[in-house]
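**Student:** Got two chains here, each in a separate frame; can you build the complex from them with the hints?
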Amino acid sequence: MALAIEIAGIQKRFALRHTRSLKETVLWLLKGRKGDLSKTFPALNDVSLTVEEGETVALLGFNGSGKSTLLKHISGVMLPDTGTVRTRGRVAGLIEVGAGFHPDLSGRDNVFLNGAILGMSEKDIHRQFDSIVDFAEIGEFIDTEVRFYSSGMYLRLAFSVAVHTDPNVFLIDEILAVGDEPFQRKCISKIKELAEAGKTLVVVSHDLDLIAQICRRGIVLEKGRVVHDAPVAEAIAHIRRQ
Amino acid sequence: MTAVSGEPEGPAQAELRVPGRGAGLRDVARHRFLLKLLVDKEIKVRYRGSVLGLLWSYVKPGVQFIVFYIALGIFLGLEQSDRNPDGLPNYAIYLFSGIVLINFFSEALGNASRSIVGNSGLIKKIYLPRELFPVSAIWVSGVHFLPQIVILVVACLFTGWSPSVLQLIVAVVGFLIAALIATGLGLIFGAINVYYRDAENLVDMLLMVATWASPVLYSWEMVRRQLGDTALSIYMLNPLTVSVETFHYAFWLPTTDQQFELPPGFLPVWLPVALAVALFTVILGQYLFRRLEGRFAQEL
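Chains as they are written, first to last, in this note's numbering: chain A, 347 to 588; chain B, 7 to 306.
Incorrect hints may appear among the rest.
[To be verified] DMTMM-like cross-link-like pairs, simulated, lysine to aspartate or glutamate; straight-line CA separation at most 25 Å: (1) A:K569 <-> B:E305; (2) A:K536 <-> A:E398; (3) B:K42 <-> A:E468; (4) A:K469 <-> B:E48; (5) A:K369 <-> B:D210; (6) B:K130 <-> A:E568; (7) B:K130 <-> A:D427; (8) B:K47 <-> A:E398.
Honestly, the hints are just simulated from the structure, not real lab data.
On a predicted model such as this, the values are computed, not experimentally measured, just so you know.
The following block holds chain B by itself, in its conformation from the complex (with noise of 0.2 Å):
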């Protein structure tokens, strides 16, 4: 072997190198174009053959809300009005904000973990840096996320919206919060669904405690006041209900006369532990991740 490395190579012919041992998701931002590409392909191939296409990724979140507004705004009285002054005043847009983010959310990870069963075929056949596909699944959900915050904006906007710029980045920091965990979390179940099938009915019920785990229907407050402050600071520590309260706080709060009050230490503690928790999150992904995919092709 020595005396190869004293020869003249070009460019393209570098050290010898174990193949098939990537350096995870950083290979991820190499194949920028890949990533692109598998994208593209998730977008123009989801809605093939249907007619209203795209149209759905705007009927579904509206029929959501819709249902969750009759039932919870005004059968289970959340919403404020004259006659239930104890509600959340323009409680449609408090749950809107949150629901679009936690769609995002479930949309992600559930795609995510299904994405190297999904890719069975290639990841057997071809190697590349396996993460693309939990990522690119992650990106996909992003895309059909646009749309649905447009509406929201829409809606803020009518009913009197002006954020601050801090706020802004708030919900910036918030959505940051929400695609990291799906990431992280994506790379282990979609990891571990290649070996054991019951990691997509895991996340699909773990989706739907999220969904109520945070503070998307009601607010933090009623935790506060059924459990407790402990029980609160618990309750914080889910990035999630950090992330959704991040989107109330920029996009329903300015809609209101601004007398609602974040949790307490809302962003000078919890918005940087549920950051730091976001980051940990895809750390511990990625190490799984990692552990696991020596085996992905000979286990699909």
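Isolated chain A (complex conformation) (with noise of 0.2 Å):
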């Protein structure tokens, strides 16, 4: 099996206190310097692991425990301070649905959009567009501008955009389902046979019983570093018992 994702020993500081106008650090550089300009925190802290082909991970951890932080290393849209991430094919984010969205675009000029924003060609998104409008159950609303969507319509295909980008290395933050109960079974089932399909994936979320399903390995994170990683069942076992 080949790697998909290696994480080496990546560190990431975050400040606490931003210095937003000019004034001040203009005055900070005229008295040389003293101080620090803002106060920094480690969100990750010397993280190292690996994650083969077709491994469906959990990153497991409290609130700040830096989960998010890390998915966001392996999406590229945050770079390390020290330490390399390297992926393999394309990665795709179900990170938070439908950040791409415009609420005055139609569902239909939206799903382009999105796919391709997600990474999809032209090509792909014709093809799949069908799929796409079936899955989210939008029907005849796929013309009509997003902003008189339902809040679960709107989840609804955000989501099934996101699930039809295809790529090799999914990453998942806090939404595995969205809307009603049988459109959550679908979501729930959908990324299931993505898995069995041998994607791999790296999810966070905080519904433990619904990670159980999912995920084989377990990643526990605390204060920014790796302090478990086993399979989901003895990760889980961990969180629970703090």
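**Tutor:** This is the structure:
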């Protein structure tokens, strides 16, 4: 099996307080850079891990443990201060569904825009278009502006686009399931289908029961460090003990 | 890692690559489809819910033109007439050809400077070549520029316009210079704006200066008359001056008796210089943008 993701000793510090004005920065420079312009804390601290192709990995941990930050490093949205991240093939994220949606465009326009944003080619989108609309159960509303959608319709369409992007590595942040009960079941079975098709999944969620169904491996993060890396049942047990 | 490289791999499963490190503006060319969609979106969304819609693209420069024409052409005596033989012939055309170009530049640079912060929702969540946003802002401005150039050409035709092929080519180069400068500066200010929102205001000020520091409202000869040849050379170093002058050369000059002269050395010296400055601006913009983009997601 080939590696899908390789993370080697990455470190990421975040500023606690931002100095937004030019004036403050200039003063800071004039004073001979005395003191830190902003305080920092480590969001990720010496994180190393590898994920094989076809693995299903859950990132677990409490709020602020660095799960989402790690996911952003894998997707390339953030770059580490030190260390390296490497990925193989196309990486796409179900990260905050609908980030690329524009309320003033029709559902159809948004499918194209969001599909392209998530890395689909024009041909891919044309080929998958009907399937996307069917899965979302949007039907005739596809040519209505998205602003008039119910929040459920909006999320279903966004989710549907995302699961049709067909990347090699899927990053999923807190949105395993959207919409009403039946659609949630559909979402989850779709994700399981992706896992069975050999896609690499990296999932962040607080829904431990759901994670146990989907992932095989669990990585527990605590204050930006990997503290536990084991089969998912063990990792969940580790989290529940705390 | 060595074991990995030996395995047979499909086309989709290339090497292990570092995510989030794009090829800059070259990536934009590779994402043409997405660029087109982003431009379409901007154009569809722009005048949504307004009664006049796309007509605003005509009304705004139209009003601006009338105000300038009355204030400068008539009151300040820039228009040539029987009572004012020292003025510029066809001042209306002179004025409008400069205004359309400077309007394009202003809109392009202004929107490009705001494009990164404006798309923060996307930039924070999904990795895309971020250059797409400034470039699409420039492109949108180009689309808005088209109807204005149509009006200009119609107005020119009414006043006996007969340009040479050279003049038309020069105008295209002039437009390219403005677009490149806007792209380069748009990359720089768009990136800085993420860290310091002061950049937006700086750009607004810069654009005000740009309107007056290039011969949009007056003629370059006034600069020489008032300040001399050395000052004129410095003045000509501004690529926007050259860009505006190419439009005068292509659109206004052929509607006159062609007595008006171009600045000395315009075609052999200043045009290539401006093009070089414009290209350098893009390279510098790209360089600074890439230096700064690494922290966009956390700063936005």
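**Student:** Next step is simple, just say for each hint if it's right about the structure.
**Tutor:** Here's how the hints hold up against the structure:
| no. | hint | verdict |
| --- | --- | --- |
| 1 | A:K569 <-> B:E305 | holds (21 Å) |
| 2 | A:K536 <-> A:E398 | holds (21 Å) |
| 3 | B:K42 <-> A:E468 | holds (11 Å) |
| 4 | A:K469 <-> B:E48 | holds (22 Å) |
| 5 | A:K369 <-> B:D210 | holds (18 Å) |
| 6 | B:K130 <-> A:E568 | holds (23 Å) |
| 7 | B:K130 <-> A:D427 | holds (17 Å) |
| 8 | B:K47 <-> A:E398 | violated (38 Å) |
Of the numbered hints listed earlier, the single one contradicted by the structure is hint 8.
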